[in-house]
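Could you slot chain B onto chain A? The hints should help.
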Amino acid sequence: MAFKIVSSQCTSCSACEPECPNMAISEKNGTFVIDPAKCTECINYFDEPQCVAVCPVDDTCIIDNNYPRYVA
Amino acid sequence: MASQIISLSSIATPNNGVDLDEIMQQKAEHQGCGTSGGSGKASCGTGAGQGDLAPEIWEKVKNHPCYSEEAHHHYARMHVAVAPACNIQCNYCNRKYDCANESRPGVVSEKLTPEQAAKKVLAVASTIPQMTVLGVAGPGDPLANPEKTFKTFELISKTAPDIKLCLSTNGLALPDHVDTIAGFNVDHVTITINMVDADVGAQIYPWIYYKNKRYKGREAAQILTDRQMQGLEMLTERGILCKVNSVMIPGINDHHLVEVNRAVKSRGAFLHNIMPLISAPEHGTVFGLNGQRGPTAQELKSLQDSCEGEMNMMRHCRQCRADAVGLLGEDRSAEFTTEAVMAMDVEYDLESRKAYQSLVEQERQATADAKRAELETLAGEQSDVKILIAVATKGSGRVNEHFGHATEFQIYEASASGAKFVGHRRVDLYCQGGYGEEEALESTVIRAINDCTAVFVAKIGGCPKASLEAAGIDAVDRYAFEYIEQSVIAYYRDYLDNIRSGAIVHGQRGDAEIRQGAYVAA
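If you read the protein sequences in the order shown, they are chains A and B. Start counting the first sequence at 1; every next residue gets the next number (my numbering). Start counting the second sequence at 1; every next residue gets the next number (my numbering).
In isolation and in its complexed conformation, chain B is listed as follows:
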């Protein structure tokens, strides 16, 4: 409990007049209505395997990297940027900004026609057989461009019927299109819901365009929240799985998101994804320019933990671009420019895709089996020690990336109940050759994983290893190419043994930084 109190106080920003006791009370009540911590549901996405999900729901999410944390290690998605228009303005978005070297929502390099998008999907699906999901996520709002979005779905459902269709909307136009969405067998819809209180909303949305009129301030936010709740209810009634994305904006909606979580849970949302605000002056957004900060890693995790109850929390979101391609932790969009795609001679081979995916399923089963076997060694363990471990991985659920090549680290929490994915940290490529490597290491990687006790890598050089050790982070390469979760549990078991033998002293780690700047591709 002590650590929760500390992290809650760090959520509260100074001078905003918020009573911490009140939040603690709110949080306690909220958690009380869910299941207690440590249950199978208290995990990211669907956790490891089917868990306690109903078979029909498992069938829908098992190959969807955004709806299942476990699937995201194995399956890829792509977004096609066919929807440039938007019907609302958000203070964290600037539509004029467009850069190929940056990965965040609302950014694309080129927009596509539905016909170009359909060709691109076939090209990507043939090159990346584990690509199972096609999403329309902007760069504007898919439902502010209904003809383009639905034409894209129509074309793809004909040519690549095995690919799941998905869309992500702000919800303003959602109630008008729910039946069309259901008609295309779209069974995953994401709504971005940042508030259920118009006073909070007025600080996030300067205006909306609704029924041929621009609404501002509180009135705009009230219409938006009413439409979002209505749309969510309509989706739930039709059995469409709904994920809710919320942007955590410290001082504006950070406490309020607990209430949002309760509101969307009661309306049947399947998964809640609380994301950190991305805000930098060079993005040219209102929040970027007025100095609004994003949350720290500890603040984000604390809020996610406090919302964890009967509802699954997503922690593996990479806040990707509206034209992202590949596994969530990678971006291969640069390989599939319109020019490149149009020149490709694509033959869509459903059978070879199926064959490849059955291999992926075997690997996935082996990962789950290894984790289960290792977990049995912790049976009866009562320790309340919890540690975070950063992992360098290229996917497939293995420790298989060189420290210096990692563009992100996946973060696992190890405790007596096992290994749990709790997030990821993006880092600049520190291994860029030439000069300044050590400074880059100090300034980016260590700050990004400063809350971790250890970092697992496939390989690491002597210098970075020494720098990490100086910062109190154990650099571990003995699990190279092993399964991540099995390795995390094994490390944790050794860690407890070392505490008991007096070889090490367990101490609290500090906070860590969530990257804000533009991502520069290698």
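Just chain A, same shape as in the assembly:
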């Protein structure tokens, strides 16, 4: 039910943080992390996940397979 940020790829640019409609993103140990309990994959908010759309590094905000896909 959530996206995650690959910390080794994160540039810590902070672009994703204000775009998240669920306030699920915060800075932790120099890079940004997504709280899986809050992430809704932007379903019902936007056509595409905002963290993915704004992130400057490809394949950095990705689906976290440890969680089932979010169902609205």
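Honestly, the hints are just simulated from the structure, not real lab data. All values reported here derive from a predicted model rather than from experimental measurement.
In silico contact screen, one side only, chain B against chain A (beta carbon under 8 Å); selected entries:
id, residue
1, 84
2, 85
3, 86
4, 89
5, 95
6, 96
7, 140
8, 144
9, 209
10, 212
11, 213
12, 214
Chain A is nowhere near these chain B residues, computed Cβ spacing over 12 Å in every case:
id, residue
13, 298
14, 352
15, 355
16, 385
17, 469
18, 475
In this text, a Cβ means the ideal position worked out from N, Cα and C, and glycines have one as well.
For chain B alone, kept in the frame of chain A given last:
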């Protein structure tokens, strides 16, 4: 004219199907709508002194090193890296790259909070009293981080009210923030505009993030150019001076930048800064990795010359880092790390800053007076000989740097109409002691100033002098610590005398290289 034709053909890259005649025509039409060459406006920034600028505009630019070529010899600026987020992707930028030993846009060593930035500004302003401008230039886009950018402005306008505020943006979010910018009395905004044609833009910008959606290709470029033009018009309406930065990318937008120049000029931009693409594989950018080359010195100058008309061209840009500190030709950012700044006990003394700056004004006036007096000796001179002269300087408009210590050379064009700043070339420190000095000299300095007839230095050793002479470059130390422009004119006058007496034969110099690699600080 002959030299223009040669340089134009060198702009055209092979196999791109561009018709040179068409470009010549385009260029001729473009120049026709401006003033003819050689007028007071045809110079870099505001040229020497107020010139024909309106008093209210002169007041805004006279202490801004980026908006006045003449001011950049005397005044310093700093950037604070409070804006890490960006809303577009450019093929010449890689946000993962971050190195303290390199100076180019988009690179910083550490990002700051607005509060840290405000403290840093006070610390720098107290240490460098000629620091007059604070800019927010990234490393992302200031307007993609509006809260951080404007909080920084708010704090600084309270604690250091004499410092000019400035920002540099890609323009995508600009129309949404113009009123806030005006509210903070920001009277200098730079927009990076690389195209006004979405087909060209699609080759430079892979995507943009706009209104909660990622747009790609032509559609992305169209939105970007529309927003940039709208933002530029809105700034102009409010009397905010706007500089346009354009990155010259051979084969992609080099010819097109003439059209960009026309588009931004008609919308009231004050100054156009055409910069060479910085592109190397180790930067990890799309252009770096796909082998896209940057322009040569001659290609860049030719394009800048062709855009020179009613609009001022900036040629003194050093393409600095988003956390640069100091005069444009130097970088003192390493002295002001967050750790160092936070440990400083800063007392902001407006009066001593003013006192120092009045000394700078005296020096500046003396420089201008010396140039004017020397220029009178060229009155009536009809020669069409033009030569380039490289100058080793630490600032203040004087020939005051040792050849071996120079990290850059300023380039002046000498002609019958006087001395004109036309650019600068960065060189590796060749004087690093030990071994390989001569090879370093050959490989970096000579290639960087190969288009110059002479190099002015405060001092130079016998070996490098001989190497330069072998390459056909006259190494001149007789103007040590004199004013640059006065010296350039004096040299030119002697040069013409020597041609007429038959002592020397004037010949065309070759092209020169613009440095691409990472800068390694001493």
